[in-house]
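There are 4 protein chains.
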Amino acid sequence: MISVGIIGGTGYTGKYIVKFINEHPNVSDFSIYANKSAGQSLHEVFPDLVSEVENQTVKNAEDLDLSHDVYFFALPHGESFKYVPMLIDAHKKVIDLGADFRLDNAELFLNTYKLDHTSPEFLKSKIYGLAEVADNYESTNLIANPGCYPTAALLSAIPLVKYFGENILSVSTVSYSGISGAGKKASTDLLFAENYNSVKAYNVGTHRHEVEIAQELNKYSNEIDYSLTTHLLPVFSGIYSTTIIHVNENVEQENINSIFNQEYSGKTFIRLRQTPPELKWVIGSNYCDINVKAAKNKIIVTAAIDNLIKGASGQAVQNMNKMYGWDEALGIKIYKEEFQNV
Amino acid sequence: MISVGIIGGTGYTGKYIVKFINEHPNVSDFSIYANKSAGQSLHEVFPDLVSEVENQTVKNAEDLDLSHDVYFFALPHGESFKYVPMLIDAHKKVIDLGADFRLDNAELFLNTYKLDHTSPEFLKSKIYGLAEVADNYESTNLIANPGCYPTAALLSAIPLVKYFGENILSVSTVSYSGISGAGKKASTDLLFAENYNSVKAYNVGTHRHEVEIAQELNKYSNEIDYSLTTHLLPVFSGIYSTTIIHVNENVEQENINSIFNQEYSGKTFIRLRQTPPELKWVIGSNYCDINVKAAKNKIIVTAAIDNLIKGASGQAVQNMNKMYGWDEALGIKIYKEEFQNV
Amino acid sequence: MISVGIIGGTGYTGKYIVKFINEHPNVSDFSIYANKSAGQSLHEVFPDLVSEVENQTVKNAEDLDLSHDVYFFALPHGESFKYVPMLIDAHKKVIDLGADFRLDNAELFLNTYKLDHTSPEFLKSKIYGLAEVADNYESTNLIANPGCYPTAALLSAIPLVKYFGENILSVSTVSYSGISGAGKKASTDLLFAENYNSVKAYNVGTHRHEVEIAQELNKYSNEIDYSLTTHLLPVFSGIYSTTIIHVNENVEQENINSIFNQEYSGKTFIRLRQTPPELKWVIGSNYCDINVKAAKNKIIVTAAIDNLIKGASGQAVQNMNKMYGWDEALGIKIYKEEFQNV
Amino acid sequence: MISVGIIGGTGYTGKYIVKFINEHPNVSDFSIYANKSAGQSLHEVFPDLVSEVENQTVKNAEDLDLSHDVYFFALPHGESFKYVPMLIDAHKKVIDLGADFRLDNAELFLNTYKLDHTSPEFLKSKIYGLAEVADNYESTNLIANPGCYPTAALLSAIPLVKYFGENILSVSTVSYSGISGAGKKASTDLLFAENYNSVKAYNVGTHRHEVEIAQELNKYSNEIDYSLTTHLLPVFSGIYSTTIIHVNENVEQENINSIFNQEYSGKTFIRLRQTPPELKWVIGSNYCDINVKAAKNKIIVTAAIDNLIKGASGQAVQNMNKMYGWDEALGIKIYKEEFQNV
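Chains as they are written, first to last, in the numbering used here: chain A, 333 to 674; chain B, 333 to 674; chain C, 333 to 674; chain D, 333 to 674.
Hints may contain errors.
[Said to hold, decoys possible] Beta-carbon label-pair distances, calculated as ranges:
1. C/Asn367 / D/Asn582: 24 to 32 Å
2. B/Asn550 / D/Ser383: 52 to 60 Å
3. B/Ala518 / C/Ser457: 58 to 66 Å
4. A/Lys368 / D/Ser373: 52 to 60 Å
5. D/Glu439 / C/Asp521: 16 to 24 Å
6. D/Thr389 / C/Asn550: 55 to 63 Å
7. D/Asp521 / B/Asp467: 17 to 25 Å
8. D/His375 / B/Trp658: 24 to 32 Å
9. C/Asn535 / B/Glu555: 31 to 39 Å
10. D/His375 / B/Glu555: 51 to 59 Å
11. C/Asp361 / D/Gly497: 28 to 36 Å
12. D/Gln585 / A/Ser471: 37 to 45 Å
[As the list claims (entries may be wrong)] Straight line, CA to CA, 25 Å or less: simulated DMTMM-like cross-link-like pairs of lysine to aspartate or glutamate:
13. D/Lys368 / B/Glu586
14. C/Lys665 / D/Asp521
15. B/Lys599 / A/Glu584
16. C/Lys599 / C/Asp467
17. B/Lys368 / D/Glu439
18. A/Lys599 / A/Glu581
None of these hints come from the bench; they were simulated from the model. A virtual CB, placed ideally from N, CA and C, is assigned to each residue, including glycine.
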């Protein structure tokens, strides 16, 4: 049984970390740290969880100590790298849901986030925790949890980039995200009245997740010509990700199917679909539902995730499970047998 | 361990029965019967459950046999009373989510549903399964599961009708229901394009649930002047129920609070709130969240439930638990301890 | 041809005032005053109007002068009464969309808005501009434009209060409003992510509009026992208003119909419906659609308006038309003939 | 003054044709033909138009005669080509909102719609009515009104295909459409409960509009490698269209801007934006709002239209105006002067 610290745990993502950790069979206790809501009761912060989670007081991030075994960070970028070195030095496990450790070198981080990285050595030693693809979990105590758009886009594109390599002409992802992805900020841009019955693209050509995705794709094939275009979708949560890959040959549906079947065989949280997924199929779950369609010299991959779960907190807990060598679904997915002994 | 039959289990309500029954620790197996989708696979009917529920073929309702211990019926009115006598004769337990057994006598049933009741004797022997109010579960094998609107309205009004009795001048409930309440019917009235960005009242002054609620309230005080007005709300699920009670005296907030605290003390699925509930707090759960507000000689009770769960399938499983003398939350609410032994 | 000043014209209500005034055939020019967005261009504030309205710079409210004939105020309460005396003294026409002049005496204003009224004499001389009910427009230069909830509730209840008078036992209105009603404020309560897929009651038993409605109803019959319960509806605009009236006699549908037919005969913007209105029928228009249903000793009136139009800006322009003795629909409703001479 | 016949005028598109034609200054009268709702009153079909449009009885399509000057067809494919030859022979003007005349040859029509074209000669003589691009309107009496997706996609891509020609590597459009685009069909797929809080791609790799767009793009540059992926968006109306164009050179923002400025200079219904458009900016209007963004060797064009207006009925009326040589905005956009003479 382990003890867990959750830093920045009172936003939309935080709620699901709390929920999963609270129900996790191998977690004995947890504490929440969050400056903005420090001193509030957890029941006040999450009124729908009052019957599920014991009330506790949200602590100030400054009071973070070494009493826990695992630390989840869900903070804006530039925050978690202040805490991580101390924790890693103390042989703690850290899962960072923010962007601080996702990129592989300090220069790229500076260019992308306009910020000097204060712990660049950890950029190398961390694992980029795309849970169905990453391995070698025993080698590290630091996981950079992937961004929400990258999770869906990479799970869609990696099998094809691995297979087609330099025969790929272009890879374009067009993604729509529920508005929880922008966080719980008092901004008029995020008002109900501004977003209902509407849609808009944002950060076109400049989204930081494009850099993250390109970095990972280029590990499988050099010089992928990649484009990510992100949109706000008028729903609470969920990402719908459509990736169009142009290749310089005709493509067979059967062939594509078998590439994906092989890549994701035995992966609990990937569900390959024979039709394009519906976003509602994955909302509230850690699944990534994927459909692949060959159309002459193009391949269209549609993927759906819950941005707050598979795109954040669910994958983070999945990563914790993998760090400990437990079943990756522990505490995330309910198996019938789990109830048998009540 | 028991075996469960679910008849009419492929609609919106059915999905949650399947989900709860599938995860229920005391259920060994279940079968689904549904004429419209007979022969289809369960995974085809509920694509979001493919990783949760073993695939099985939906059976024809005609093939219903006596192999199960408990039978859930989720059929249009006038259907379940064809099957129930046979099952009760065979000492099976039956929970009817439809309207066939909710009213207490055949004449009222005829007036309300324009249909002759073929098993009127069961109208007397059944229990009206408003789970927080009903008792004497050991006396019967037939539960009439309350309607969705009545569940929220009765949990709001009963404590006050009991207390104020003949001092009540009028009781008016105005309810808004998510559109799943109308079922999965191919009707233009239920199209997305017809209901998005809109609201409408329906069955004003003639809703059958008004009769059901009045019947139950009148058990606590004669001649309650009751009115229910129902509306379609442009969300998938959930009922928001606002009940205004005019009484002939001034009312103290503290007094009202203590009436509700006493009435619902120890009830797992009632959460008394200090502010009006938000519908999202209860979606996906079996909770009924309630707030009571005294305003001079008026009391306003706001209550929120998920119409498909507390208003249907969740309460049905809660009723099954009570019939067997189990914890009423078994299979519906996840307790941390349930996971400990994995 | 007249000149119009719009003070506080850059919120959700403001947009429609601008639109109507811009298209109004008898308006030669208009200016916008709004402290928060002073200095911005109108096209920046209302990007969807860039092709409809000439660009102009939003002025500071301090620069308000006497150059206009009519002034529309759309400010929080406690603001417009600072400007109104000066304008009325200068024989200008004023239409106040805020609450400052709606109540009839300073004491009620103080109790309701917790603010001393600095121009109480105007509370008497103003007209409460419920356009289908008010008359004597030539007697005043100051119109208090009704609140959004009161517009729908009063148009629903007044005909019945006039007719049934002391035979009325209770009047209860339950209203749901689109979220634009709360204004364009950077508040987490109003975020998309907080309100999507949800509903909540607010200000239960304490809403200021309840006082306003009761004041007006009591002009037709003393001691109406009135209750207003307000809710946030997850749409942009629109109010759906359900009023339940318990009377001490049985009521005939035919009788009720003829009361409403008579009351609203010849009123352009009232549409009496044979079924409950759908909210979408009135969105974007100045109509109030009403259905009345008799149910034994109860009458249920459902009414739908666009809160930003009939509940604010549209009715304000309608009031301006009535002050000038023009067709009340001028600039609000498009008649075919208006286009004939292009 | 002309007379107009509208065939298939009672669906979602039909409502806007009726509205525009009813308010059009040069139209004296119109009739509606629609088999499904023949015999119904127009007020029954469109309850929100009861105060705008004189009531008339919907006629049976079989009763279509030669009494009108212009005929709008809004029928499923394979229907309008039964009527068109007769009307064209009689020197009537025809605007077909369906797909029957959009493609340029019978073979492509057969491959795409699996139907033999019975009037292939008109495929050549018609004009493809993309109103900002088409010319030579005096040469024909038959306009094929573009599909909704093609309208947004072609207005986005044509300027760039003209300019970059063979330097283009790939063009991919990802479009999201409001659900009204699927029509008013009693199908469970289109239910509110199925589409709320969800999104899905459909007809991936096989959408007929892809063929239509490719046909038009190839008029500017051979062998464009084009892909269209379409999705259902949970709103009533609107199309958001994101087109990613990979070229084999680096692209300057300034250059791209000037290409679009030149192409659409003086076009009433194109609004070039400096940020990606928001869908709500165009809902209810005939505008196409466009933003173009250069990102190294990629260009991302976002465009928003109302699928029922610029994507159907509005563009159809715009085409009628152009056929008669009138201002293209007549009856569609309100100019201040139109009201002056009332």
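Evaluation of the provided hints:
Taking the beta carbon of each, C/Asn367 and D/Asn582 are about 45 Å apart, not inside 24 to 32 Å as hinted. Between B/Asn550 and D/Ser383 the beta carbon distance is about 44 Å. The supplied range of 52 to 60 Å is therefore violated. Distance hint for B/Ala518 and C/Ser457: a CB-CB separation of about 60 Å, consistent with the stated range 58 to 66 Å. With their beta carbons about 58 Å apart, A/Lys368 and D/Ser373 fall inside the hinted range of 52 to 60 Å.
As the Cβ distance of D/Glu439 to C/Asp521 is approximately 60 Å, the hint placing it in 16 to 24 Å is violated. About 47 Å separates the C-beta atoms of D/Thr389 and C/Asn550, a value inconsistent with the hinted range of 55 to 63 Å. Remark: the range hint 17 to 25 Å for D/Asp521 to B/Asp467 is contradicted by a beta-carbon distance near 45 Å. Distance hint check: the CB atoms of D/His375 and B/Trp658 are about 57 Å apart, inconsistent with the given range 24 to 32 Å.
Distance hint for C/Asn535 and B/Glu555: a CB-CB separation of about 32 Å, consistent with the stated range 31 to 39 Å. For D/His375 paired with B/Glu555, a C-beta distance near 42 Å fails the hint of 51 to 59 Å. A C-beta distance of roughly 49 Å is found between C/Asp361 and D/Gly497, which places it outside the suggested range of 28 to 36 Å. In this structure, D/Gln585 and A/Ser471 meet the distance hint of 37 to 45 Å, their C-beta atoms being roughly 44 Å apart.
The suggested pairing of D/Lys368 with B/Glu586 is violated, with an alpha-carbon distance near 60 Å, which exceeds 25 Å. For a cut-off of 25 Å, the pair hint linking C/Lys665 to D/Asp521 is broken: about 37 Å separates their Cα positions. Restraint check for B/Lys599 and A/Glu584: the C-alpha separation of about 59 Å exceeds 25 Å, so the hint is violated. Of the supplied pair hints, the one linking C/Lys599 and C/Asp467 holds, its CA atoms being roughly 13 Å apart against a limit of 25 Å.
Pair hint B/Lys368 plus D/Glu439 does not hold up; C-alpha atoms about 40 Å apart against a cutoff of 25 Å. For the suggested pair A/Lys599 and A/Glu581, the alpha carbons sit about 29 Å apart, so the restraint of at most 25 Å is broken.
In summary, the numbered hints that this structure violates are 1, 2, 5, 6, 7, 8, 10, 11, 13, 14, 15, 17, 18.
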